[in-house]
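As given, the protein sequences belong to chains A and B, one line each in that order. For the first sequence, counting from 1, position 625 maps to 625 in my numbering; every step adds exactly one. For the second sequence, counting from 1, position 22 maps to 22 in my numbering; every step adds exactly one.
None of these hints come from the bench; they were simulated from the model.
Capping the alpha-carbon separation at 25 angstroms, the derived lysine to any residue pairs in SDA-like fashion look like this: (1) Lys248(B) - Leu63(A); (2) Lys228(B) - Gln218(A); (3) Lys248(B) - Gln225(A); (4) Lys248(B) - Thr221(A); (5) Lys228(B) - Val146(A); (6) Lys228(B) - Leu64(A); (7) Lys248(B) - Leu138(A); (8) Lys248(B) - Arg81(A); (9) Lys248(B) - Leu64(A); (10) Lys228(B) - Gly318(B); (11) Lys228(B) - Asp203(A); (12) Lys248(B) - Val275(B); (13) Lys228(B) - Glu201(A); (14) Lys228(B) - Leu63(A).
Listed below are the residues making up each chain.
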Amino acid sequence: MRLHWHPDIRTIWRPLAMVMGLLLLLTYLLFQSRTPAPIRDTHFHEALQNITLYDVQLTRDVLLARAGLLPHVDSLAQTSRALLQALATLQPGSTEPSRDVAMVLREQVNLLTTVVEQKLRLVEYFTADNALLRNSLLYVLHTGHVLPMQTVTGGQSTLGAEVGRLSHALLQLLQSPQSAVATALLESLDRLPRIPLLQEELDLLATHGRRVVELLPQVDTLLRQLLSIPTTRHLQALHAAVVQYDARRAARAQVFRLLLYLVAIALLGSLLLLFTRLQAKARALRTSEEHFRAITDTASEAIISTDQSWTIMSWNAAATLMFGYEAPEALGTSLLQLLPACSRAALTERLVQRGDPGQPRHLQIPIELLGIRKDGSEFPLDISLSTWTTAQGTYVTSMIRDLTARKHLEEQTRQQELQLIQANKMTALGTLVSGVAHEVNNPNQLVLMNTQMLADTWDDAVPILDVYAQQADDFRLGGLPYPEMRDTLPLLIHDLHAGAQHIARIIDDLRDFARPYAHRAQEPVCLNGAVQHGVRLLRHLIQRKTTQFQVALAESLPPVWGDAQHLAHVIVNLVVNALEALPDTGCGVRVATRYVPEDHCLILEVADQGMGIAPQHLDRLCDPFFTTKAARGGTGLGLAITATLVHAHGGRLTFQSAPGQGTCVCVTLPAADSTLAAAAAHSAEAR
Amino acid sequence: MHTRLFYTWSWWWLGKLAVMGSLVSLLACGWQEPWAGAPPSPTTDEGLAESQEPLVPLPLHVAADPARVALGERLFHEVRLSGRNTIACATCHRLEHGGADGLPRAMAATGTSLLRNTPTIFNVAFNAAYNWDGGVRTLEAHAERVLLSPALMQTTWPALLAKLRAMPDYQVAFTALYPGGLAPAHVLDALATYERSLVTPNARFDRFLRNQPEALSPVERRGYDIFKAYGCVACHQGVNVGGSMFQKFGIFQEAPASHDPARPVDLGRFLLTQVLRDRAVFRVPSLRNVALTAPYFHDGRAPTLEAAVTIMARVQLGRTLSQEDTHAIVQFLHTLTGEYQGRPLTTVAEKD
Numbered sequence: 001m002r003l004h005w006h007p008d009i010r011t012i013w014r015p016l017a018m019v020m021g022l023l024l025l026l027t028y029l030l031f032q033s034r035t036p037a038p039i040r041d042t043h044f045h046e047a048l049q050n051i052t053l054y055d056v057q058l059t060r061d062v063l064l065a066r067a068g069l070l071p072h073v074d075s076l077a078q079t080s081r082a083l084l085q086a087l088a089t090l091q092p093g094s095t096e097p098s099r100d101v102a103m104v105l106r107e108q109v110n111l112l113t114t115v116v117e118q119k120l121r122l123v124e125y126f127t128a129d130n131a132l133l134r135n136s137l138l139y140v141l142h143t144g145h146v147l148p149m150q151t152v153t154g155g156q157s158t159l160g161a162e163v164g165r166l167s168h169a170l171l172q173l174l175q176s177p178q179s180a181v182a183t184a185l186l187e188s189l190d191r192l193p194r195i196p197l198l199q200e201e202l203d204l205l206a207t208h209g210r211r212v213v214e215l216l217p218q219v220d221t222l223l224r225q226l227l228s229i230p231t232t233r234h235l236q237a238l239h240a241a242v243v244q245y246d247a248r249r250a251a252r253a254q255v256f257r258l259l260l261y262l263v264a265i266a267l268l269g270s271l272l273l274l275f276t277r278l279q280a281k282a283r284a285l286r287t288s289e290e291h292f293r294a295i296t297d298t299a300s301e302a303i304i305s306t307d308q309s310w311t312i313m314s315w316n317a318a319a320t321l322m323f324g325y326e327a328p329e330a331l332g333t334s335l336l337q338l339l340p341a342c343s344r345a346a347l348t349e350r351l352v353q354r355g356d357p358g359q360p361r362h363l364q365i366p367i368e369l370l371g372i373r374k375d376g377s378e379f380p381l382d383i384s385l386s387t388w389t390t391a392q393g394t395y396v397t398s399m400i401r402d403l404t405a406r407k408h409l410e411e412q413t414r415q416q417e418l419q420l421i422q423a424n425k426m427t428a429l430g431t432l433v434s435g436v437a438h439e440v441n442n443p444n445q446l447v448l449m450n451t452q453m454l455a456d457t458w459d460d461a462v463p464i465l466d467v468y469a470q471q472a473d474d475f476r477l478g479g480l481p482y483p484e485m486r487d488t489l490p491l492l493i494h495d496l497h498a499g500a501q502h503i504a505r506i507i508d509d510l511r512d513f514a515r516p517y518a519h520r521a522q523e524p525v526c527l528n529g530a531v532q533h534g535v536r537l538l539r540h541l542i543q544r545k546t547t548q549f550q551v552a553l554a555e556s557l558p559p560v561w562g563d564a565q566h567l568a569h570v571i572v573n574l575v576v577n578a579l580e581a582l583p584d585t586g587c588g589v590r591v592a593t594r595y596v597p598e599d600h601c602l603i604l605e606v607a608d609q610g611m612g613i614a615p616q617h618l619d620r621l622c623d624p625f626f627t628t629k630a631a632r633g634g635t636g637l638g639l640a641i642t643a644t645l646v647h648a649h650g651g652r653l654t655f656q657s658a659p660g661q662g663t664c665v666c667v668t669l670p671a672a673d674s675t676l677a678a679a680a681a682h683s684a685e686a687r
Numbered sequence: 001m002h003t004r005l006f007y008t009w010s011w012w013w014l015g016k017l018a019v020m021g022s023l024v025s026l027l028a029c030g031w032q033e034p035w036a037g038a039p040p041s042p043t044t045d046e047g048l049a050e051s052q053e054p055l056v057p058l059p060l061h062v063a064a065d066p067a068r069v070a071l072g073e074r075l076f077h078e079v080r081l082s083g084r085n086t087i088a089c090a091t092c093h094r095l096e097h098g099g100a101d102g103l104p105r106a107m108a109a110t111g112t113s114l115l116r117n118t119p120t121i122f123n124v125a126f127n128a129a130y131n132w133d134g135g136v137r138t139l140e141a142h143a144e145r146v147l148l149s150p151a152l153m154q155t156t157w158p159a160l161l162a163k164l165r166a167m168p169d170y171q172v173a174f175t176a177l178y179p180g181g182l183a184p185a186h187v188l189d190a191l192a193t194y195e196r197s198l199v200t201p202n203a204r205f206d207r208f209l210r211n212q213p214e215a216l217s218p219v220e221r222r223g224y225d226i227f228k229a230y231g232c233v234a235c236h237q238g239v240n241v242g243g244s245m246f247q248k249f250g251i252f253q254e255a256p257a258s259h260d261p262a263r264p265v266d267l268g269r270f271l272l273t274q275v276l277r278d279r280a281v282f283r284v285p286s287l288r289n290v291a292l293t294a295p296y297f298h299d300g301r302a303p304t305l306e307a308a309v310t311i312m313a314r315v316q317l318g319r320t321l322s323q324e325d326t327h328a329i330v331q332f333l334h335t336l337t338g339e340y341q342g343r344p345l346t347t348v349a350e351k352d
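So that you can see chain B by itself, here it is in the shape it has in the complex (with noise of 0.2 angstroms):
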């Protein structure tokens, strides 16, 4: 009878080998590592021949998964992402004021404000680096890298995430759209494809790339021109008008000093690199819907457009413009305010 019991053992054993060795091949089979898509090319336009034009219009579409956008809106708005429960991006990011907050510099969680102005959520998918240093990379690292700043959202992941955890419709949504549910790089991947969902197409001036010269008038015409013939275009370029390259801030001269002279003067991308060459440089802000992202420059010393195009001729490029042709850059630099979800951006920001 032993023997008999020996021998359905052995061939239990042989059965369960059997079945673990086939499951460990279909594992092996069937593990994937997620692939990072590549970023939208907005140099590929649909219908639009290869332009000579430094500038290229905003694409008309761009892809996004509609789910994960509503989530990472959701997000975007949800004061529980900060560690007090009392800001979230959409605090300095606010859509109704041109993706920005208006203010001179961003305000820290302490109420001082050592930052740097606050650049404009929109059309931020066709930049190439973020932040004034441009530090960082991808919008993933910049959100991460804010929620995580005790200046700024004062958060922990552990924490964050005990608070969405404790949200079931959030766990509900992370489940259905991600492999794996609520964990931290999914967080920051549903806000980034919403941001990246935040493009602003349709400008006037796109409209006028796209072989519709009647969109703009003969200032605003004309502005384009001096635009391009005084060389704002050099760095100016490209399809966001800017954020694709990096530049020194004092090229004909010392940039003015800032307001306070108590402050240290902001060297830049020096203060990251600790490279020579890079003091006072700056990443290249964006032209598109300038006009409602006053003030300007990485510490809004320029409250208007006029004061910035005046400071920016005086440094960068030497000259001294005529009051002509600071209305008509001005007026050229209106035309770059595009449309959101088919209505046109407005502020506050008077036009003039």
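This is chain A alone, in the form it adopts within the complex (with noise of 0.2 angstroms):
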């Protein structure tokens, strides 16, 4: 629940970190960087050019008062509040980035504040003394040029003289002060005469004099305090140091500006190393899907899977292989539809608990069901699920096998399985027929002697009994009366030999069917001689069954490797067969080879125009014992013991027949290697 809006934060902890730390290192030199506040420092300068100013009309003001020009001090009151006003400003404030620049600075300040407010308080002694000086003057001038003029009496002419040498002692002393007219004016002043009249004001002008006096120096004094005090200096040390801390302060932020730079080129590289790390990574996980979808796409099987509506998610290449479909058409459709419904409960019910979340859960063992291709047809398969959850639902992985093929195989391994049994149970029959016939042929053999030998007594003995009946009545022989007897045995006798000559022929045929063919020597036969032999031997029976016997045979055959009596026995079977298949002599056989050189085989062929062979007799032709000529004689042999030849041959035998129209036997043989042939036939001359 923490982190759910990423759930990979614990993979990208690392360069998200390293980002947002060179983001708020970029922050923060940004704001280090800044320029220095422009206000602020013009508001600096214009409080120290102001201060210059001030400091000027302060002190031309203090000039102008003592040279007695300034009709008011209140320039001077003003100008001192204005400096002290500038002075203030002048502090610095709260925001100096770098402290001991700002220290070296505010004692610069205070140094100049310190200054001023000197030069100030001079000025402000100044002015008090200043205005009693001017006050005194006014008095002495004043009472110097009134005090004469009240001197009515004479004799008072000393007065006059008295105050004109005190006013030009007094001139004197304004012009150049110095202490021998200082003591000259204060000798002048002691010489006044004493008139009771005006001794007040007598004694008010001595007591301004000795003031004037007093005060003049001291007035010079302040003043030239006032005008060496160093505020020029003071000011032009803080100007030089305001400029070098804007110097510092622009260096400082040029600095941090460079390490702006820097930083922002470091968090550039960084964001492009992440960039191209991703790529990577995007790459890399492009190959392993590319990789595994490989796998799932190369898989023999099908692999599909659904979320578990059963709504198809992915399809491999196996799997539009199997059903038809292609991956665009069938994903989003529903599995279900690809198995006839018999096969989709089935399926579901496979489907029962959801497992752990992430943990894939296996389905143990296939089941097989029916599918559906998208032709419509139907076939078996093989589907094994599993499921997994994730947080977004349970997901199923279907693999799905076609059965068609080892269905065919097993049913083909079965039929094979049958026709071993049945080739184990004629090898075991024919064991059993090779010794049963083995122990019949004897005693039919003494029968056969026996027959004949019976056959020869009778006819030894019926004159005798001729003579005997005719003597005799009622002649019984064997309860029938002699003449009957007489005509009836013989026949017995030839049926008692007949009979023993029907087993010695079928035991003779058992023989030949279960005779296990000791590898004679093989030799390359010659097909067409093989024919012709045969076709000797029946000439008899060709004559008698049909007038239509036709015999084609290709020129130049290359040898058959085998036996060739062998071959002639198979080729008398079969014309046999053929033959007694006629219904009258009008129907013709027709005896064939050819050679097939694309198949490098032989091929015989014995066609007759006879009955044909019923379709449901077509399968067992060469089964042992089955015949159809039962009620001639026919031991059902003859088919199994040329089927067998041919096949020791490394040939094949087929049949082609219809009721009613005849039957084809075609027997198919591989011909022989040149060279083995070549080869035998060498060994052959040699020997």
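Hints given; two lone chains; assemble the complex.
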């Protein structure tokens, strides 16, 4: 729940932290590298300029006041106040980035403030003393002017003269304030006559005069002190300090700007790096996806993954081959439509519980069901399911195998097994039959011999018995009257003999059938020769059965590797069958041979226009003891023997027949290898 | 899908950075410090040529922000500015009494008077320093000192601001007039703006200075001449007829002892600067509207103008004035009474 919105925070926290750290650093550097606030600096410089101006103004006004040209000291007071205000704005604020620089600045400002305040205090004292000085001077001048006029009585000329001298001395003092002149003035004051009427005024004059003498140097000293205060120097130092400070701040800002640039580059670089890593990872992911997709695509089984409602989500190439649907048309459809209705229930009930999230669950045994291809044909398939559950739901993977081929093979195997069993049976039967034939043959030979003897004996006995029968009446022989018996008994003996001969024939055939083929020396055999040999053997039968007997032998046939006698035996059997199938002599039999070079084999055909074979018998023609000629004494072993012989030569026996349309028996024999044939011919000649 | 998320996230961060950067630069540009304005300059009055007279008339108009003046006036009369909600600025600086309280010494909060005589609140804009010892250089500093003094208004800034904040119309007014609303600096600024607007121009003497010789009677004219000739004008000079310099009280003679021998001798500016030269040095008071601000001197020892003039002449100038001279000077001093809001200032002060 905590980090649900970004479940992969664990994998990306490192690059994320790095990028965020760089961004924070960038922001910090941005703040640090901003150009120093210009407005405050403008104010600072303005204040410095103002202080300089006010200082000059102050000095000027002080001098004017000293010279008596300033009517009132308001300007001095105002300039002082303006100076103090300007100084107040110089005090550094709270936003100084570098403390040691600000300390220097503050020191300078404090020095300047001290110096200016000193000057202002001196101005204050100067103002006060200057006022008194001017007052006293004014009084002295005024009185010096008025007083002589008031001396009415005679003998006061000394007063006038004294006042005159006083005025002169005062003028001298004002012109050149030296102690000698001051002393002269004081002496002049002392020499003032004492006039009772004007005593108060004279006393005041003297007091004021002394005050002038006292104040003049004081005022001048104050003035010189005032002028000597090094405000200009301090202002310049402060200005220089400010410029230096500004330069340092600008340099610092420059450094930070450079750092900002570098960090920006680093950030860019790291972003690029992350980007390329991202791309590489994406590529790796794609490759891995392709790899796994290739696995599913090249799998020979159909791998289909669906969600829990059987909607197909992935479809591989084998599935396309199996079901016939292309991936685009299969995705999104239901898996159940690929199964017939009966199979769907079986599939759905396999999905029972959900497993743990993320853990795939295999549903053990694959089940065999039927599937429907796109063309609608059903085929057997084998489906195994596994499920896995994620936060998004449960998914099912089905792996399907097409069982058609397997089933076919299984069927073939079963057939072959049956045939094997049958062959085994036949072999066993052969063995049995051979034993039985041998066992039966012995007594049968005896019977044959004895019946012959019996026939001979009867022939010898008949005249005797004839003679006897004439003599005796009612001569019974074997319960029957003799004349009957005389005609019947030879028939009986004949039948007996015939029966024994039949048995002997059967035994011969059985023996032929069961004869284990010892490998007689195999040699290249000319098929045409064998045909002719066989035909020769059956000359009489052929003449009797048909008038249409054709033999068509191909020229220059390659030899067949095998036994000439056996081949002749085969031919004889087949021709005999063909002849006995003919209903009348008008129907014909045709024997032909030819060579098929592509298959490297020879074909022997025996075709007749006989009765044909019913289709239900075609499969059983080569079965031992299968015969349609039982009434005529057929043993049912002829074709069995033929088939065995043909197979021993590596050939094939095929039948084509329909009832009423005749039969064609086709024997395919492999041609002998020419080199082997030549070698064998050589060895035969050598022998 | 996670790569896409990362992409959008990084773009978001970059966007945020851009916004922050622009905001920062805007802030840096827009940041301004308040710049204290220059004081009014009374020496450059409109329509008046450079004069050689030691006294200068008050300017007829003084520029002020009327809204701030109104707010300052409210605060000036606001008793809640004091700790016990008993006194306001106007309690001592009574506008109907020439801007002073008519007492020899100002009344302290504790009831006893150890303070000096209350100076007038009129024309304070033209004084170079404030208080009898010139300890304060600006009106704002003086107002703050008075507000926070345990002997006077007895308040603290937090308490004061809380009281003002509780009154919504003050809140609204301050927010409207000052960036930052209710703050100590703004309260002081409002008060000072109001006090600076308390100018009393157009006194008869001012009209005389503005080339209306008929504004003064001959006696008053003679009084002005004596004022100049005897040297009173050496200290009581300028636009405010004083208030611009310091001077010793007792030049030719020691100033007479105060009425109450039990009180210590007031050493004036020495108590502030500890410089021997400053013993008994006081700020030269303004003589404008002096007829209305009895009693006189730093301890209010002179109940009438005549007494004050007599003491001054003897102590500062070493003269004993004749009756006519005193009378003339006093008459002259009466012409320094100006007009406030179009009407001449009046009090109970008698005119002889």
